[in-house]
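Residues in the sequence shown are numbered from 979 upward in steps of one, following my numbering.
Hints are computed from structural coordinates only; laboratory data are not their basis.
Since this is a predicted model, take the numbers as computed values, not measurements.
A few of these clues could be false.
Stated by the list, open to error - Calculated cross-link-like contacts (lysine-lysine; reagent style DSBU-like; alpha-carbon spacing at most 30 Å):
1. Lys1242 <-> Lys1278
2. Lys1246 <-> Lys1328
3. Lys1294 <-> Lys1328
4. Lys1242 <-> Lys1356
5. Lys1356 <-> Lys1246
6. Lys1289 <-> Lys1240
7. Lys1356 <-> Lys1240
8. Lys1278 <-> Lys1294
9. Lys1240 <-> Lys1278
10. Lys1242 <-> Lys1359
11. Lys1030 <-> Lys1056
12. Lys1278 <-> Lys1356
13. Lys1025 <-> Lys1056
14. Lys1294 <-> Lys1359
15. Lys1359 <-> Lys1240
16. Lys1359 <-> Lys1278
17. Lys1278 <-> Lys1246
18. Lys1328 <-> Lys1240
19. Lys1027 <-> Lys1056
20. Lys1242 <-> Lys1294
21. Lys1242 <-> Lys1289
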Amino acid sequence: MACVSLFFIFHFSFFNLATAQQPWNYTSVREAHLDDAYFVEPPAPVKVKIQKAVPSRSLGQAVSQSLFNRSYRLSVDKRNRLCFLSDSLSFTLPESTATECLPYLVSHRYWQQRYQTLQQWAFVSMDNRLLIDVDTADHRYGPYSPVTWLGYRFQPSADWPVVFTIRTNSRREQELTLPALQTLAEWGAFTTVAGQEAYEQNLASRRQAQQAEEEALRQHLDSLDRRSEHVARQADSIAVAMQQDSLHLAELQVMADVQATKEKMNRKTLFLMSVNPARSDYMFGLEFNFYNCFDRVITKIEITVTPVNAKGRIQKDQFNRDVRTVRCMGPIRPGSPAQYTFDELFWDDKGRIQYMRVTSVTFHFTDGTHRTFSGYEKILKHTLNP
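Model the full assembly from the supplied sequences, consistent with the hints where possible.
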């Protein structure tokens, strides 16, 4: 069952905050000017510097309450000092100390924007039985179940500072962390209302096209039957004999052309007949048409592709991916073609990805051996219609 258009805007970084800046933190003190932020409790060395930088009279307000794991209104004064203000606390840090606090200041504005984007996800796949509680006995919505976003809350964690609360058709509220959301998005678990409608419309269009093909085939068979009857009645005529000879010669010519093409592809190791795009509004996919130019049966093909922007440079997609590897299962006998389509290789709702390059193809054979072709330019030499 083909997946429909999905939306996943987050870029989740699994690096430690000590070595990499998360997108929801600030990169400079000036960037935090007039913004709301959740102050995650920093490590002990940073806490000691804060206590030394804040006058004791200001810290006196926090005798019965913590300075950390709470929200503040931030501002920056003329001396580049970072000012913290809440309902009951206010203190100021010099720029040097405030800079060390930046990895532990989580932007409210960032998560409000991300949460608004998440609310477009109206349905979740019924196949999820690990991270999402879904009543799989309820099939009113087809392969998807409605999902309701109830909100989010901050938690004392610099790595994963936000937890989202949702409800599906099971009616039980459940919380999802960022790693869980990322895993679900990679599965293609979520879809929007428009995506669900597009899926249903696509399914109906396929059925209609299949019916049209069946009708065309039936008419063609009827036409062949009528022609067969006519040939049977005129079998003794010279005209019919000539027509049969002509058809036979044309068939022989087609067979000869096919055989010549196969011999050429076998001789030049042309295994990739064509690569065609399979793209929707936000989704980039490819259709591969292979030909087994080897003398052994192919059991599996592994293909690696990379997205490229308008300047011909590698372009990461919405999930921060710049390479994908897919597998095409055989068997493919020598001299036989095979077609494979992958609809969801990369996601890009900003229009940065222009096309994709095949950078590696590995063939696995029944005798346990394999053969790899690496490099975009080299693979072009093994492509019939680049």
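Hints and how they fare:
1. About 23 Å separates the Cα atoms of Lys1242 and Lys1278, which keeps this hinted pair within 30 Å; it holds.
2. With a CA separation close to 40 Å, the supplied pair Lys1246 and Lys1328 exceeds the 30 Å bound.
3. Note on Lys1294 and Lys1328: the hinted pairing holds, with a Cα-Cα distance of about 11 Å set against a maximum of 30 Å.
4. Among the hinted pairs, Lys1242 with Lys1356 is consistent with the structure: their alpha-carbon atoms are about 18 Å apart, no more than 30 Å.
5. Taking the CA atoms of Lys1356 and Lys1246, the gap is about 13 Å. The hint holds against a cut of 30 Å.
6. For a cut-off of 30 Å, the pair hint linking Lys1289 to Lys1240 is broken: about 36 Å separates their Cα positions.
7. In summary, the hint linking Lys1356 to Lys1240 is supported, as the alpha carbons are separated by about 20 Å, within the 30 Å threshold.
8. A hinted pair counts as satisfied when its Cα atoms are at most 30 Å apart, and Lys1278 with Lys1294 qualifies at roughly 27 Å.
9. With a CA separation close to 21 Å, the supplied pair Lys1240 and Lys1278 stays within the 30 Å bound.
10. Restraint check for Lys1242 and Lys1359: the C-alpha separation of about 13 Å stays at or below 30 Å, so the hint holds.
11. At roughly 21 Å between alpha-carbon atoms, Lys1030 and Lys1056 fall within 30 Å of each other, so this suggested pair holds.
12. Between Lys1278 and Lys1356 the alpha-carbon distance is near 20 Å, which keeps this suggested pair within the 30 Å criterion.
13. Using a Cα cut-off of 30 Å, the hinted pair Lys1025 and Lys1056 holds, with the two alpha carbons roughly 24 Å apart.
14. At roughly 26 Å between alpha-carbon atoms, Lys1294 and Lys1359 fall within 30 Å of each other, so this suggested pair holds.
15. At most 30 Å may separate the alpha-carbon atoms for a hinted pair to count; Lys1359 and Lys1240 meet this at roughly 16 Å.
16. Restraint check for Lys1359 and Lys1278: satisfied, since their Cα atoms lie roughly 21 Å apart, inside the 30 Å limit.
17. Taking the CA atoms of Lys1278 and Lys1246, the gap is about 21 Å. The hint holds against a cut of 30 Å.
18. For a cut-off of 30 Å, the pair hint linking Lys1328 to Lys1240 is broken: about 42 Å separates their Cα positions.
19. Pair hint Lys1027 plus Lys1056 holds up; C-alpha atoms about 22 Å apart against a cutoff of 30 Å.
20. Simply put, Lys1242 and Lys1294 have alpha-carbon atoms about 37 Å apart, too far for the 30 Å limit, and the pair is violated.
21. For the given pair, Lys1242 sits about 35 Å from Lys1289 by alpha-carbon distance, which is inconsistent with the 30 Å threshold.
In summary, the numbered hints that this structure violates are 2, 6, 18, 20 and 21.
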